[in-house]
Amino acid sequence: MKLIRRMTKDYADYLFDESRTMGQADYIAFPTDEAALCQVVRWCAENRVPLTAQGGLTGLAGGASPQRGLALNLSRMNKILGLRRDEDGAYYLRVQPGLRLTQLRRALSAKAFDLSGWDEASIEALRPVKPGQLFFPPDPTEPTASLGGMAACNACGARSVLYGCTRAHVNALRVVLSDGRVTSLIRGRDRAKGRHISLPIEGGETFEAELPPFDTPDIKDAGYFIRENMDLVDLFMGSQGTLGLISELELKLMPAPKHLWGLTAFFPDDENALAYVRAVKGRSDAGVPAFPHRAASIEFFDKHALDMVMAQKAITPAFRQLQPLPDHYNCGVYVEFNGDDPAAMSPILRDLAAVIEAVGGDPARTWVARDQLELEQLLLFRHSVPETIDLIIEENKKKEPCITILSTDMAVDDQHFDELFHIYKKDLSATSLHWIIFGHIGENHVHPNILARTKEEYEQGHRIFEKWARDVHRMGGSISAEHGAGKIKKKLALIMYGPERMHSLIALKRAFDPQLLLGPGNILTMDGEAEA
Amino acid sequence: MRIFVCVKQVPASNETRLDPVTHTIIREGAEAILNPFDAFAVEEAARLKERLGGAVTALTMGIPAAEAMLRRVIAVGADEAILLTDRAFAGSDTLATARTLAAAVRKAGLPDLILCGRMATDGDTAQVGPMLAENLGIPHVSDVAEIEAVEGGFLTARRLTDDGYVRVRVKLPALVTVLKEINVPRLPSITGIFRGEAANVIRWSREDLGMDPADTGLTGSATRVVKTERPDLTVKAEIIEGTPAQQAAALIRRLVEKRLIETEGRA
Numbered sequence: 001m002k003l004i005r006r007m008t009k010d011y012a013d014y015l016f017d018e019s020r021t022m023g024q025a026d027y028i029a030f031p032t033d034e035a036a037l038c039q040v041v042r043w044c045a046e047n048r049v050p051l052t053a054q055g056g057l058t059g060l061a062g063g064a065s066p067q068r069g070l071a072l073n074l075s076r077m078n079k080i081l082g083l084r085r086d087e088d089g090a091y092y093l094r095v096q097p098g099l100r101l102t103q104l105r106r107a108l109s110a111k112a113f114d115l116s117g118w119d120e121a122s123i124e125a126l127r128p129v130k131p132g133q134l135f136f137p138p139d140p141t142e143p144t145a146s147l148g149g150m151a152a153c154n155a156c157g158a159r160s161v162l163y164g165c166t167r168a169h170v171n172a173l174r175v176v177l178s179d180g181r182v183t184s185l186i187r188g189r190d191r192a193k194g195r196h197i198s199l200p201i202e203g204g205e206t207f208e209a210e211l212p213p214f215d216t217p218d219i220k221d222a223g224y225f226i227r228e229n230m231d232l233v234d235l236f237m238g239s240q241g242t243l244g245l246i247s248e249l250e251l252k253l254m255p256a257p258k259h260l261w262g263l264t265a266f267f268p269d270d271e272n273a274l275a276y277v278r279a280v281k282g283r284s285d286a287g288v289p290a291f292p293h294r295a296a297s298i299e300f301f302d303k304h305a306l307d308m309v310m311a312q313k314a315i316t317p318a319f320r321q322l323q324p325l326p327d328h329y330n331c332g333v334y335v336e337f338n339g340d341d342p343a344a345m346s347p348i349l350r351d352l353a354a355v356i357e358a359v360g361g362d363p364a365r366t367w368v369a370r371d372q373l374e375l376e377q378l379l380l381f382r383h384s385v386p387e388t389i390d391l392i393i394e395e396n397k398k399k400e401p402c403i404t405i406l407s408t409d410m411a412v413d414d415q416h417f418d419e420l421f422h423i424y425k426k427d428l429s430a431t432s433l434h435w436i437i438f439g440h441i442g443e444n445h446v447h448p449n450i451l452a453r454t455k456e457e458y459e460q461g462h463r464i465f466e467k468w469a470r471d472v473h474r475m476g477g478s479i480s481a482e483h484g485a486g487k488i489k490k491k492l493a494l495i496m497y498g499p500e501r502m503h504s505l506i507a508l509k510r511a512f513d514p515q516l517l518l519g520p521g522n523i524l525t526m527d528g529e530a531e532a
Numbered sequence: 001m002r003i004f005v006c007v008k009q010v011p012a013s014n015e016t017r018l019d020p021v022t023h024t025i026i027r028e029g030a031e032a033i034l035n036p037f038d039a040f041a042v043e044e045a046a047r048l049k050e051r052l053g054g055a056v057t058a059l060t061m062g063i064p065a066a067e068a069m070l071r072r073v074i075a076v077g078a079d080e081a082i083l084l085t086d087r088a089f090a091g092s093d094t095l096a097t098a099r100t101l102a103a104a105v106r107k108a109g110l111p112d113l114i115l116c117g118r119m120a121t122d123g124d125t126a127q128v129g130p131m132l133a134e135n136l137g138i139p140h141v142s143d144v145a146e147i148e149a150v151e152g153g154f155l156t157a158r159r160l161t162d163d164g165y166v167r168v169r170v171k172l173p174a175l176v177t178v179l180k181e182i183n184v185p186r187l188p189s190i191t192g193i194f195r196g197e198a199a200n201v202i203r204w205s206r207e208d209l210g211m212d213p214a215d216t217g218l219t220g221s222a223t224r225v226v227k228t229e230r231p232d233l234t235v236k237a238e239i240i241e242g243t244p245a246q247q248a249a250a251l252i253r254r255l256v257e258k259r260l261i262e263t264e265g266r267a
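Residue numbers (our numbering), protein chains in the order written: chain D, 1 to 532; chain C, 1 to 267.
One should not assume that every hint holds.
[Said to hold, decoys possible] Stretch by stretch, here's where chain D covers chain C in the computed footprint (C-beta under 8 Å, at least three residues): (1) 17-24; (2) 94-102; (3) 190-198.
Derived from the structure by calculation, the hints contain no laboratory data.
From the three backbone atoms N, C-alpha and C, an ideal C-beta is built for every residue, glycine too.
Full structure from sequences and hints, please.
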């Protein structure tokens with residue numbers, strides 16, 4: 001089979017991601033190993049063909065929608081390559097970038113690995129591992145996301161409250177640079193010297209460049225991660241295929257918690273929910289009992305989100321198993337706990353019941369999932385929100401092709417979150433748009449979504465997002481905590497960085513990619529492109 | 001309305017897995033859960049109680065540890081629970097199980113309605129519900145997709161058959177086994193869990209039921225498990241390479257070899 005194929009209508013599904021940002025391409029390639037990937041990249045470099053990397057196509061910002069040139073689809077680089085155990089007993093798994101999170105989870109929970117191609121040392125490292133003993137904590141809501149994609153936009157997801165983002169769980173990367181050379185980077189070993197970076201190239205050379213003279217925001221990260229003396233692995237995490245193409249990842253695995261459980265509590269008003277979240281995060285208001293336990297995730301659903309899912313439940317058979325909502329619901333908060341001892345659940349429940357009552361909720365209006373099996377139901381409910389948005393946008397797009405998903409993932413610190421939440425509600429309530437707010441309230445980045453029905457509404461949505469980007473910038477926050485800026489939010493990235501910093505990021509990009517072939521249209525606003 | 005709901009503990013998984021390194025069967029996941037089909041019976045009992053008033057009693061025969069499962073059933077709507085536990089019950093087949101459950105129902109007093117899941121996921125027999133009804137001398141309706149009405153001492157239900165749904169009317173007291181499609185089992189609330197933790201689970205032994213040892217457990221069983229073996233689940237896949245014409249020719253050759261098709265006059 002030819003490695004580089006002409007784009008035909010058979011490949012139409014590879015022109016857009018879950019955000020429904022429609023792209024175009026002249027070629028498509030499905031490499032199955034790093035050598036083939038390098039071959040494609042060299043061909044693109046020689047022929048000046050831009051290329052856009054794709055993994056699971058589950059992104060929400062259009063990062064994997066090709067603008068032109070070649071769609072580099074990595075979904076067939078989906079093997080688990082090997083395992084090692086370090087002297088401290090920690091396990092590291094080498095995977096190809098197209099491996100999907102579901103495949104990884106299944107492999108770890110069932111100890112179901114295809115060992116063909118594994119070396120003896122890897123097989124020996126796997127021997128004592130029990131099914132379900134190890135896990136990879138990042139949990140973006142969409143489990144069909146690819147590991148390469150998760151790294152490329154440093155996905156966070158619900159459990160990052162406890163475990164951090166994808167970045168924290170990637171120990172090493174192999175990256176194909178724009179000229180087809182390969183660099184191999186290990187966390188702790190390969191670091192910048194001040195702002196000078198020197199990447200070891202396979203075969204003995206090095207690649208030298210200078211980092212921009214500023215640090216990216218501390219609160220989560222949209223796009224690039226820049227620090228003095230930084231780990232070079234982190235330079236590619238979040239860069240959305242604009243500096244290089246990840247060809248292999250080494251994931252740091254953790255001992256799996258033995259008891260996962262959680263609960264959703266319903267509240268009569270958003271203010272009760274905000275007080276509940278503050279308490280669960282250890283910042284109880286006066287008169288609310290202290291909550292001394294640590295949650296793994298805290299998720300919010302506003303009334304519009306709950307209404308939307310209930311309406312879809314009547315239509316979509318897959319949602320039939322969703323729990324019926326309690327009468328007179330307004331909003332809900334899901335909290336998950338990851339521990340080892342099932343006996344720890346009862347005292348935590350008692351403390352939660354006291355908090356729920358104190359903030360104006362009712363312990364009887366809760367759904368408790370006591371084990372993994374029941375938890376699946378709460379996670380299904382959580383996942384049904386973005387799934388429904390998907391279905392609605394797909395429908396709206398039929399009438400107005402320019403429409404994409406309009407979801408934000410702006411983040412601020414604890415001190416500013418309530419202010420930002422109130423801005424969201426005030427700005428949205430002043431419109432006649434169809435909107436919902438849900439998502440990762442535990443880390444101060446809920447996802448206000450605007451479900452545009454017309455071109456005018458779509459443009460209005462973008463204007464509101466730009467206003468919020470300025471608000472968030474003023475609060476010292478980040479315009480995209482986890483989805484990446486991709487194409488939809490590059491204007492917001494420009495607001496956050498400002499023109500001067502954007503210039504120095506472009507200089508970094510040019511150092512890595514002089515022909516500007518990698519991930520065209522992602523994150524960066526090139527000279528002359530602004531306000532187009 | 002007094003409702004009994006029969007429940008059973010089953011292993012969490014029936015899956016057979018091989019360790020990729022040692023090629024031996026992975027024996028774990030021995031965790032016991034409420035039989036998934038029984039959850040629908042419990043939910044239906046809770047809904048009928050909410051609609052018609054009354055009380056729900058959960059009933060199981062099992063090891064002492066099954067008490068935890070009964071507390072979970074109380075958390076989602078049962079008012080009380082009875083655990084039939086005794087070494088004399090060990091090894092019961094479906095007949096001995098139904099006989100023991102019947103003795104417990106008679107001791108507690110025949111309710112208006114007994115609900116069961118359509119079958120357990122470990123044995124897959126779907127026999128205990130109907131056998132219990134026969135033992136008690138009451139009518140039963142199996143595979144019920146919807147309980148439409150309970151009034152005037154009769155219950156109207158829609159049950160699934162091979163040819164579609166049939167509406168039936170049955171005189172109470174009766175026993176009904178339910179399908180998955182009948183409802184969505186609720187998750188417990190915090191309040192429900194506390195109620196389950198605080199509840200008193202009644203324990204009855206063979207003596208409490210006044211049963212003859214010859215009628216219970218292995219000795220009271222009409223069937224014997226002589227041998228169990230795991231089914232061979234290996235599936236071999238063969239990928240035929242070549243152009244479409246070559247692949248078609250190779251496929252025909254393989255099918256003829258296996259005598260799955262015949263080629264008229266050209267073989």
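Going through the hints against the structure:
no., hint, verdict
1, 17-24, "holds (count 5)"
2, 94-102, "violated (count 0)"
3, 190-198, "holds (count 6)"
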